[in-house]
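Letter by letter, the chains look like this.
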Amino acid sequence: MQNFTNNASNQSEMPFALVQGEPLTVIPQDLYIPPDALLVFLEAFEGPLDLLLYMIKRQNIDVLNIPIAAITKQYMEYIHLMEELELELAAEYLVMASMLAEIKSRMLLPRPTESADEEDPRAELIRRLQEYELFKKAAEDLDALDRLEREIHLPDIEIPKFEIDMPLPEVQIKDLLAAFRDVVNRAEQFASHHVEREPLSVRERMVRVLDKISADEFSSFYDFFDDKEGRMGVVVSFLAILELLKESLIELVQSEPYAPIYIKAIS
Amino acid sequence: MDSDRLKPILEALFAASDKPLSVNSIFDLFSGDLEQPGKDEIRQAIHELMDQYSNSGMELKQVASGFRLQVKPAYETWVSRLWEQKPPRYSRALMETLALIAYRQPITRGEIEDIRGVSVSSNIIKTLQEREWVKPLGHKEVLGRPTLYGTTKGFLDYFNLKSLNELPTLAEIRDLDQYHPELAFVEKNEASIN
Amino acid sequence: MDSDRLKPILEALFAASDKPLSVNSIFDLFSGDLEQPGKDEIRQAIHELMDQYSNSGMELKQVASGFRLQVKPAYETWVSRLWEQKPPRYSRALMETLALIAYRQPITRGEIEDIRGVSVSSNIIKTLQEREWVKPLGHKEVLGRPTLYGTTKGFLDYFNLKSLNELPTLAEIRDLDQYHPELAFVEKNEASIN
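Protein chains in written order, with my numbering: chain G, 1 to 267; chain H, 268 to 461; chain U, 462 to 655.
Just so you know, the hints here were simulated from the structure itself, not pulled from any lab data. Treat the hints with care, as some may be off.
What the hints assert, rightly or not - Here are some, though not all, of the chain G residues that point toward chain H, as calculated from beta-carbon distances under 7 Å: (1) 48; (2) 58; (3) 60; (4) 110; (5) 137; (6) 141; (7) 147; (8) 151; (9) 156.
What the hints assert, rightly or not - Dumping the calculated BS3-like pairs for lysine-lysine here, alpha-carbon to alpha-carbon at most 30 Å: (10) U:500 / U:480; (11) G:137 / H:393; (12) G:246 / U:500; (13) H:407 / G:136; (14) U:614 / G:246; (15) U:623 / G:212; (16) U:623 / H:274; (17) G:212 / U:587; (18) H:353 / U:601; (19) G:228 / U:480; (20) G:174 / U:587; (21) H:429 / G:137; (22) U:623 / H:429; (23) U:623 / G:246; (24) U:601 / U:522; (25) H:274 / U:601.
As the structure is a prediction and not an experimental result, all values here were calculated from the model. Backbone N, C-alpha and C define an ideal beta-carbon position, used for all residues, glycine too.
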């Protein structure tokens, strides 16, 4: 974020990107962003209102007195830039651009003086910007509240073992599945972790292999393949062993080519 | 049962319970006892306990679904050193959606989208429901009968609040009229903002 | 750091910690602080705290590996009613941990924490092992040699599964979700449970 604020004042001369062979020099003064940072920058915005609000704020423009033409121009350039960089452009940004363009065109039309009925074309936009800003702030305030798992911790106080039988919780398999679905959904949403779908059979086989082997003695590689399981079974076993090898849980030993292969756990 | 006998029992209960306890639920725990304390006695003892914790590293705090013993946020600096993991963080999109539901409930997804100017992903709504912060309240009787959402007691508990009234006050929209009396449209729209 | 400042910090630490804390481990937690208390100061503060709890429903108790805050056994009668009243349920954190162990075994605690985005308390792993649903399979050959966990035969028996292959895949879970948002996979699996 440092870049575009520092460079803001004296960046008007230098071509800042080549777009279809043409140097792009006309960039919003306050929005100089190195192209490779644009993606990061774009991700910082929650949508067109957020972007607009930012542009207005950075330029210290009175929200009631938005120079619609200038802002529209900046906004459109910004959108072109996104297109040039082939960023997936959310439709909402285009809608906002057309709204700005509409306001601009209406402002250019001569307005009958002293007409109280005629609404300032900027009014709707301003209303939306203000309302969005209000909740943007509310979300920040909410985020700043003390909350569980962050500022507030529930005590974990030991309870002496009771004489009475505390019944064990009952769990149904659907609860387990729901928990798995939840955790995967959440992981996908909040982080870059990818919980890829791996065939369970391989995972299970990995565990079975680990159960069978020990660190002290070698087990024959061939014992882990059972003809009765058919081709799939053999493949699953093979994948499981490869996976365990990759995770450095086992080692494979072969004294010479074509000699028997042995598996042992890494101690 | 006098307060000096009741207080440590309550403390033991709060220490052992994994969720907030209300005065009613505590009252029920004593049912059948010879010396069953009244609800007022329980309430009184809780308030005395709350005072007692003023110099402690813990506090007895009232949240939406009852009272709970918790570690004071002031000691988070040290407590967080016990664990390596960072607390979960939530995206701005999720927080803005949650804020809109909290402040504007009952509200439909479409209404949230109108204010935010972007679509709200189903995942966000789902996550909020899975965290049990948000629940469907019913349907709005308009075309498509969209679901109306509101926040739960669990939301208040999580954010350490007793009621929605304790949410930070929504900033006032500046009274634009005063600064720019020439702008006639302001009056017209002010009404629809709050 | 004087005792009045140190004591509540220690209380917060004892309350939050899921295992007993020794004087040394507490001393280490302060390392790097400008006002790092000495071991004697810590020891002194702990003893003052112990006295302070004499009239409380909790006590600061010394066990083999350190000190821990616990509910006084004298209040067992009342505390046990918390469980009589409502059948116990496992926390979301425990269920998610179990699900990840079931679906992603062999898996380390750190990997579970990475996916969940929050720390997994030792208690959860302990509970799952006591229930004999989860067992250590070995160690992962990475820094720290963390334990790898997997599910047991007892786990399969409890859920009436012949093998892990009978657990539905994530894709199946999601497909069902879409067709029956409420019922989800209930129908399909209900029959096989009991």
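Verification of the hints:
no., hint, in the structure
1, 48, "5 Å, holds"
2, 58, "18 Å, violated"
3, 60, "15 Å, violated"
4, 110, "17 Å, violated"
5, 137, "5 Å, holds"
6, 141, "4 Å, holds"
7, 147, "5 Å, holds"
8, 151, "4 Å, holds"
9, 156, "9 Å, violated"
10, U:500 / U:480, "19 Å, holds"
11, G:137 / H:393, "23 Å, holds"
12, G:246 / U:500, "45 Å, violated"
13, H:407 / G:136, "25 Å, holds"
14, U:614 / G:246, "26 Å, holds"
15, U:623 / G:212, "19 Å, holds"
16, U:623 / H:274, "51 Å, violated"
17, G:212 / U:587, "24 Å, holds"
18, H:353 / U:601, "23 Å, holds"
19, G:228 / U:480, "49 Å, violated"
20, G:174 / U:587, "23 Å, holds"
21, H:429 / G:137, "21 Å, holds"
22, U:623 / H:429, "48 Å, violated"
23, U:623 / G:246, "28 Å, holds"
24, U:601 / U:522, "35 Å, violated"
25, H:274 / U:601, "49 Å, violated"
Hint compliance for this structure: hints 2, 3, 4, 9, 12, 16, 19, 22, 24 and 25 are broken, all remaining hints hold.
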